[in-house]
Amino acid sequence: MVIRLLDTTSLRFSAFEGEDIPEYVILSHTWVQGEEVTFLEMKELVDDSSHPAWGRSGFRKIEGACREARSYDLAYAWVDTCCIDKKDPTELGEAINSMFKWYQQAALCLVYLEDLIDDHSVLGKLGDCRWFTRGWCLQELIAPKTIWFYDRYWKCVAGKKRLCQEISQITDIGPAVLNHELSLDLIPVAQKMSWAAKRRTTRVEDRAYCLLGIFDIHMPLLYGEGVEAFTRLQEEIIKRLDDLSIFAPTSAFLVAQPNTNNMIQPCDLLATSPEAFRNFGRVTFSDRLLDGTVYPVTMTNHGLHFTPQPVQAIMSWDYPLYRLPLRCQFGEPGEHENCLYLFLQKVAPSRFVPVRISNGLAKGGDSAMREEGLYVITKVTPSAKSLITTSAKRFLRLEIPGDVQVGVEPVNEEKNRSRWDHSRRSFFIDSVAITPSVILDLRKLSRMIGTTKHKDSRLRHYPNKHVYVSCILYPNDASGALQVVQLFHTEEWEDMKNDTQGEVVEVPDFFLGGQSESRLRVFTVMIMAKIHKEEYGFTVMLSFKACKEKRDDRVGIYRADINEENDNNRRNNYYKN
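UniProt numbering puts the sequence shown at residues 1 to 577.
Hints listed in this document are in silico derivations from the structure and should not be mistaken for laboratory results. Do not rely on the hints blindly, as some may be mistaken.
[Said to hold, decoys possible] Taking lysine-lysine pairs in the DSS-like style, the calculated list, with each CA pair at most 30 Å apart, reads:
1. K155 <-> K239
2. K145 <-> K239
3. K530 <-> K415
4. K43 <-> K101
5. K101 <-> K86
Could you build all of it, start to finish, from the sequences and the hints given here?
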């Protein structure tokens, strides 16, 4: 990139590139409306002693910077007001994308504080200077290796190293960063964003553009896009960095409102401005990053795609949640009680919406899982709201008594797993025929059902420890919605998969007899399933009953007839293990 420098003696411009760039002074200051000197005006006034720009305060700043540069034996200076032709959009875009590097490579940076007056309390007034509130001045503070601060009358106050502690208190930027002892790459995105939270820019787009260098991002400038500029910046950061702290603002808890039950609220995944990161200045990376596991994140037209990674399901019908670790926390690494999480709700197969929650819901959770194909909606648009509302009426819920704990997982077919919502123990259903199915793990069941004399340790040693619960739903059946439920033991399920070429769940091409109830006895435990219609869709109610041991229980499983009145029929449906 070509840099245009100002000759500190003749005040004429010269362009340099690459290794030919000489040492130069760079000026950092705050603009004054109507007083700054543009590129064209600077070219004109050197040959026109009557040019009105000579009398502006902006020109006096340029003169002061050039005078100080000469005192350091530096022949060139760079001043943002006049060294960029802002009427050329291409040059402006390239300059803004290069500006951090220009400040970084300068031999010396002069910070001119126009509102600082030299007196005995000058250091105490440093924090009141407008320079510390401007967005563009953030990179101008961090990038240069050497900075000298000047007051209104161009009297040198002190250097950055001497003022390091005072500046750190004013800006909340650590001394190690200010002194170039800590690389910006080692600092979480959320913490770097917090540095800009209290700073302002004249144009809303510049709240994003002034941070390009801080995050080492290059992107085109589109003045007129408004807050979308900050969205684009975050998307570019996501592409470049494996840093989930960028989602930290969504982890902030909802503020309790009187007379409301607002426990969960859908929210956008990305912030609209740096101000959202105001309270995340103490965020540090988690020591869990050291395990070397990589979880790529990519932007798609279905939302942000997270590759399979540990997600904790907080199981509740009323407040179902998923908790995704952001691999960062408040305070020092190892303080796991202060870890940050992205909270999600599943709203469709493989699709999730970010939510903010009340503090009381944050500590729940009873199962860790890996969620395949995690697509997170980035913006709660009207169409996203419609999806959330519609999906709330399309569930097949698996209801298990509260005093029973049994392992539940969806049958391992792709569509079946994507429809399964572990937090609700439910399947998403739609207007087409589907066959949702789950596996019940019986290994825990023997410790949960019945009294001590009815506990059956054989379940723990039973080689096929699973029972399958399968349903058929034909929502648009001509005779009305057909709902079928059936329980299978492992051998039956495998036989049926063989009969249907292994696509039991993909295609509803098997018939279960049209029954809405099913029973299956496993040793001394009777498992019962019943399906019925609900306002939100369907419920399959499971119940577990301890039975007295019978002579034939020693051989394992048999299917129980619904009436159980015809003993012969029951024995005809008998299956040996």
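Tell me the numbers of any earlier hints that the structure contravenes, in ascending order. Violated hint: only 1; rest satisfied.
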